[in-house]
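I would like the entire structure built from these sequences, with the hints used as guidance.
To convert, count from 1 in the sequence shown and add 5; that's the numbering used here.
Worth flagging that the hints you see were computed from the coordinates, not collected in a lab.
Wrong hints could be hidden among the right ones.
[To be verified] Derived DMTMM-like pairs: lysine to aspartate or glutamate, alpha-carbon spacing no greater than 25 Å straight-line:
#1 Lys61 - Glu182
#2 Lys178 - Glu94
#3 Lys219 - Asp175
#4 Lys178 - Glu85
[Stated by the list, open to error] Simulated DEER-style distance windows between Cβ atoms:
#5 Ala71 - Ser217: 26 to 32 Å
#6 Ser217 - Tyr139: 34 to 40 Å
#7 Ser300 - Glu85: 58 to 64 Å
#8 Ala320 - Tyr139: 32 to 38 Å
#9 Asp135 - Glu283: 33 to 39 Å
#10 Thr265 - Tyr139: 47 to 53 Å
#11 Gly58 - Lys105: 15 to 21 Å
#12 Gly58 - Glu283: 52 to 58 Å
#13 Gly140 - Asn110: 55 to 61 Å
#14 Lys275 - Asn96: 16 to 22 Å
All values derive from a computational prediction rather than experimental measurement.
Ideal Cβ positions, reconstructed from N, Cα and C, are used throughout, including at glycine.
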Amino acid sequence: MKTSKLFAILGLFIAITSCTKEDSNTEAILQEGTFSRTFEVQEILQRASYTIGQDKISYALSGGFAETSYDILKNYYSEEEQRWVGHRESNDAYYVLFFKNYNENEVTVYKKQVASLEEGKSAAIPSADDTENYGWNLYQKDLPISGKYKNLQAQQTSDYTTNPPTITGDYIKFSFEKGAITEGDDWDIAFRGTTLLVNGGSATADDQPERSGKGAAYIATGTMADIKTADTGMFAQDDSQDGLAITTGSGNGWYNYNPTNHAISPIAGKIIIIKTAEGNYAKMEILSYYKNGDSSQGSQYYTFNYVYQPISGEASF
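Okay, here's the thing in structure tokens:
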């Protein structure tokens with residue numbers, strides 16, 4: 006009798022241990038890093054990215070249409086099925102992510118919300134043509150990220166009754182890493198009227214945002230496609246004595262001014278090369294200074310293309 010009880014207890018212990026191991030599967034993810042893709046929503050470019058680690062996956066969506074970010078903490082991972090299940094604490098939800106063609110350069114991902122850990126572990130692997138939950142999408146790792154930002158509003162007002170004229174308005178700060186406007190100190194370039202600032206050096210006026218980064222810039226001549234590397238010897242920072250890295254005035258920097266119709270036109274072939282606040286590199290081409298590219302709809306609206314290099318120290322695009 007005692008022997009039977011001992012075996013029963015031992016069997017129960019093994020069952021509990023097996024169940025616990027299954028629920029908290031600790032298989033290691035083979036490839037870690039940040040994988041991203043870009044896509045358009047109503048002609049506005051968005052960027053989605055997954056930063057994949059052993060204990061959590063961080064999701065971020067940025068761009069001019071919508072923004073969000075959150076962490077999904079790992080509960081289960083099966084390398085054989087390429088199935089990852091985790092819990093998002095901010096909304097108390099579970100997500101299952103399926104991976105395909107997972108390697109050091111790219112991964113194809115399908116993500117959907119589920120009711121529980123058990124549902125995530127048992128959900129059928131989606132077919133290749135499944136379009137629910139935005140379907141399967143390819144994400145690439147640590148590659149230069151191309152983007153387009155439309156109608157960034159950078160309004161300023163000018164009072165010419167004073168001498169010198171009084172210029173007012175907030176600088177709108179932009180982060181290439183986020184692909185979006187930012188309110189914090191992590192900005193790379195700031196816009197107001199035709200003036201562009203970089204997050205490095207020192208302010209040239211009292212109403213400018215504080216420079217807290219490694220930012221610098223220069224203007225190159227060419228096309229976005231032809232300029233493949235930042236010339237690290239050309240960079241200048243904003244300086245209270247020497248002026249702005251991206252010079253202002255008609256014909257001096259990125260634009261021409263027509264005094265007849267007061268139009269501001271980007272100079273073709275002028276590409277702004279930027280060292281970001283964190284020391285990464287980006288290039289941008291201003292396409293228009295008018296809302297929707299139409300001078301009749303109002304000025305001080307920037308539309309621009311850019312390419313951002315996420316690898317620290319890498320100067321190529």
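* Range hint 16 to 22 Å: satisfied by the CB atoms of lysine 275 and asparagine 96? -> violated (45 Å)
* Straight-line Cα separation of lysine 178 and glutamate 94 no greater than 25 Å? -> violated (30 Å)
* Asked: Is lysine 219 close enough to aspartate 175, meaning Cα to Cα at most 25 Å?
  -> Roughly 22 Å between the alpha carbons, so the hint for lysine 219 and aspartate 175 holds.
* Distance restraint hint 32 to 38 Å, applied to the beta-carbon atoms of alanine 320 and tyrosine 139 -> At 34 Å between Cβs, range holds.
* **Range hint compliance [Cβ, alanine 71 to serine 217, 26 to 32 Å]** => Cβ of alanine 71 to Cβ of serine 217: about 27 Å, so the range 26 to 32 Å holds.
* To do: Take the C-beta atom of glycine 58 and the C-beta atom of lysine 105, compute their distance, and say whether it sits inside 15 to 21 Å.
  => holds (19 Å)
* Check the following: the C-beta atoms of serine 300 and glutamate 85 are separated by a distance inside 58 to 64 Å. => holds (59 Å)
* To do: Kindly confirm whether 34 to 40 Å is satisfied by the beta carbon distance between serine 217 and tyrosine 139.
  => holds (36 Å)
* Straight-line Cα separation of lysine 61 and glutamate 182 no greater than 25 Å? -> OK: lysine 61 and glutamate 182 at ~21 Å, within 25 Å.
* **Supplied distance hint 55 to 61 Å, evaluated on CB atoms of glycine 140 and asparagine 110** => violated (21 Å)
* Kindly confirm whether 47 to 53 Å is satisfied by the beta carbon distance between threonine 265 and tyrosine 139. => holds (49 Å)
* Please work out if lysine 178 and glutamate 85 have their alpha carbons no farther apart than 25 Å. => violated (45 Å)
When each numbered hint is compared with the structure, violations occur for hints 2, 4, 12, 13, 14.
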